[in-house]
Amino acid sequence: MTTQASGDALVSLNGVNKHYGQLHVLRDINLQVRKGEVVVVIGPSGSGKSTLCRAINRLETIDNGDISIDGKHLPEEGKQLANLRADVGMVFQSFNLFAHKTILENVTLGPIKVKGVSKAEAEKEAMKLLERVGVGHQAPKLPAQLSGGQQQRVAIARALAMKPKVMLFDEPTSALDPEMINEVLDVMIQLAKEGMTMIVVTHEMGFARKAADRVVFMADGQIVEDTQPEEFFTNPQSNRAKDFLSKLLTH
Amino acid sequence: MEVIIENLPLYWDGLLRTLFLSAVSGIIALILGTLLAAARVSPVAALRGFSTVYVEVLRNTPLTIAFFFAAIVLPRLGVRFEQFEVAAIIALSAYTAAFVAEAVRSGVNSVPLGQAEAARSIGMKFGQVLTLIILPQALRTVIPPLINILIALVKNSSVAGAFFVLELFGYGRQMANANGDQVMAVLLGVAFFYLLLTVPLGILASTVERKVAIAR
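Line by line, the protein sequences are chains F and D. Under the working numbering, residue 248 is the last one in the first sequence; the count climbs by one each step, no gaps. Under the working numbering, residue 463 is the last one in the second sequence; the count climbs by one each step, no gaps.
Think of the hints as simulated: they come from the structure by calculation, not from any bench. It cannot be assumed that every hint is accurate.
[To be verified] When the alpha-carbon atoms are kept at most 25 Å apart in a straight line, the in silico BS3-like pairs for lysine-lysine are as follows: (1) Lys190/F - Lys207/F; (2) Lys69/F - Lys162/F; (3) Lys402/D - Lys138/F; (4) Lys458/D - Lys76/F; (5) Lys98/F - Lys69/F; (6) Lys116/F - Lys138/F; (7) Lys112/F - Lys125/F; (8) Lys239/F - Lys32/F; (9) Lys458/D - Lys69/F; (10) Lys125/F - Lys76/F; (11) Lys162/F - Lys121/F; (12) Lys402/D - Lys98/F; (13) Lys138/F - Lys190/F; (14) Lys138/F - Lys121/F; (15) Lys190/F - Lys110/F; (16) Lys98/F - Lys160/F; (17) Lys162/F - Lys458/D; (18) Lys69/F - Lys116/F; (19) Lys125/F - Lys69/F; (20) Lys125/F - Lys162/F; (21) Lys112/F - Lys69/F; (22) Lys110/F - Lys372/D; (23) Lys138/F - Lys162/F; (24) Lys372/D - Lys116/F; (25) Lys112/F - Lys372/D; (26) Lys138/F - Lys32/F; (27) Lys458/D - Lys116/F; (28) Lys32/F - Lys244/F; (29) Lys160/F - Lys458/D; (30) Lys160/F - Lys116/F.
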């Protein structure tokens, strides 16, 4: 395991545990992510990888342990938690664009209402971001009028509009038709190249190979391997990882 | 039939008073009910508890009890009104608010959880999540049931007639007493004027229902 000193870690999880009733979904998780690092979290379904991702901005509470972002402990509730979440971008499997707002409003709402940016300024920034993810011409439409791939790119733009310190991706391509997966992955690869700190839960092994600095393999709520992508794919250490990879290759 | 024509001014006045009672109580009930629904989904346990108890008590007791309380118990507790209309408005809005709260709450529950999660993830606070993201979407699905609640409110306002408030039903009672031989005609007239208020509301409900369905 390659663990960095928590001093220079942007995202740091120490001894994190969580139960759903009897089920121990996160078992003593320790994970440090440095600034600019792209960490891909993979593992079989039910391994706790999504829960881990959602715990980082406290969409899931944890039983014990400590999570801190940029040296600040994750607050339990209220204003401080809201402030911290504003610094952590999140992209969901099901996009979750605000259904009653236009594409442009989806991207400007956070900067205007949370950061107090002026409407004109927010719209200028939003248009730049929408152009960057290739959906600028869709700005006046409603989310339901866009394809899944386009909606997910808007969701990325919405998160980026808050100028986050780190971006969390919770299976961002799992709800997409195959031909739309690449358009989303391309945006994410570009983002990784530009130096964004990213934690990505995904089944896209191609993305892990191309863009990840580290691969974290989870099984049964534990981090089983934490290593370089090439190392992980060519020379997995644990039986769980070998088993997981062999199942991927047979299809 | 002449009795209706002869008393048209009374019917008209009654209609306006019923409309006034319903409109004022309706607006108060919509505001109070939405606040109760917000309390019901808030992270503060005490607010959730209060809202639950309020809604369950008011929704599960007869409107007449609310009227007795407003018209007889409140004055004994030192709350005095110049007119009985005020008591009627208090009773009607307090009672209707419970139904509004339930409708809005079901609307809030119909908005996918992901909407609130996305809003929280960009740093919105509870109040912002509710007013900017959840309620605007919830209210669209809730408009048809809300209009049904308002139709019930218009009819319920007739209970005020039994508490010395002169509105459509109150006038109807007076007219029936004065024209003992034509009670049927008088009451049919009352029913007709109620329909004049409630049928358009029903048509509005079905029109709105078709228009506001949001695409997902």
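Status of each hint after checking the structure:
For the hint linking Lys190/F to Lys207/F, the alpha-carbon distance of about 10 Å falls within 25 Å, and the restraint holds. Restraint check for Lys69/F and Lys162/F: the C-alpha separation of about 12 Å stays at or below 25 Å, so the hint holds. Only pairs whose Cα atoms come within 25 Å are accepted, and Lys402/D paired with Lys138/F is rejected, the gap being roughly 42 Å. Taking the CA atoms of Lys458/D and Lys76/F, the gap is near 37 Å; set against the 25 Å cutoff, the hint is violated.
For the hint linking Lys98/F to Lys69/F, the alpha-carbon distance of about 33 Å lies beyond 25 Å, and the restraint is violated. With a CA separation close to 18 Å, the supplied pair Lys116/F and Lys138/F stays within the 25 Å bound. A C-alpha spacing of about 18 Å is found between Lys112/F and Lys125/F, which places the hinted pair at or below 25 Å, so the restraint holds. Among the hinted pairs, Lys239/F with Lys32/F is inconsistent with the structure: their alpha-carbon atoms are about 30 Å apart, more than 25 Å.
With a C-alpha separation of about 47 Å, the suggested pairing of Lys458/D with Lys69/F is violated against the 25 Å cut-off. Proposed proximity of Lys125/F and Lys76/F is contradicted: the alpha carbons are some 29 Å apart, above 25 Å. For the proposed pair Lys162/F and Lys121/F, the alpha carbon gap of about 21 Å is at most 25 Å, so the pair holds. About 37 Å separates the Cα atoms of Lys402/D and Lys98/F, which puts this hinted pair outside 25 Å; it is violated.
This hinted pair does not check out: Lys138/F and Lys190/F have alpha carbons roughly 30 Å apart, beyond 25 Å. Restraint check: the Cα-Cα separation between Lys138/F and Lys121/F comes to about 17 Å, which is no more than 25 Å; the hinted pair holds. The straight-line distance between the Cα atoms of Lys190/F and Lys110/F is roughly 30 Å, outside the 25 Å bound, and the hint therefore fails. Distance hint between Lys98/F and Lys160/F is fulfilled; the C-alpha atoms sit about 21 Å from each other, no more than 25 Å.
A C-alpha spacing of about 42 Å is found between Lys162/F and Lys458/D, which places the hinted pair above 25 Å, so the restraint is violated. For a cut-off of 25 Å, the pair hint linking Lys69/F to Lys116/F is broken: about 30 Å separates their Cα positions. The suggested pairing of Lys125/F with Lys69/F is violated, with an alpha-carbon distance near 30 Å, which exceeds 25 Å. Distance restraint check for Lys125/F and Lys162/F: the Cα-Cα separation of roughly 19 Å lies within the 25 Å cut-off, and the hinted pair is therefore satisfied.
A threshold of 25 Å between alpha carbons decides the hint, and for Lys112/F with Lys69/F the separation of about 19 Å falls inside it, so the pair holds. About 10 Å separates the Cα atoms of Lys110/F and Lys372/D, which keeps this hinted pair within 25 Å; it holds. For the proposed pair Lys138/F and Lys162/F, the alpha carbon gap of about 29 Å is over 25 Å, so the pair is violated. In summary, the hint linking Lys372/D to Lys116/F is supported, as the alpha carbons are separated by about 19 Å, within the 25 Å threshold.
Distance restraint check for Lys112/F and Lys372/D: the Cα-Cα separation of roughly 12 Å lies within the 25 Å cut-off, and the hinted pair is therefore satisfied. Restraint check for Lys138/F and Lys32/F: the C-alpha separation of about 35 Å exceeds 25 Å, so the hint is violated. For the hint linking Lys458/D to Lys116/F, the alpha-carbon distance of about 29 Å lies beyond 25 Å, and the restraint is violated. Distance restraint check for Lys32/F and Lys244/F: the Cα-Cα separation of roughly 33 Å exceeds the 25 Å cut-off, and the hinted pair is therefore not satisfied.
Restraint check for Lys160/F and Lys458/D: the C-alpha separation of about 37 Å exceeds 25 Å, so the hint is violated. Among the hinted pairs, Lys160/F with Lys116/F is consistent with the structure: their alpha-carbon atoms are about 16 Å apart, no more than 25 Å.
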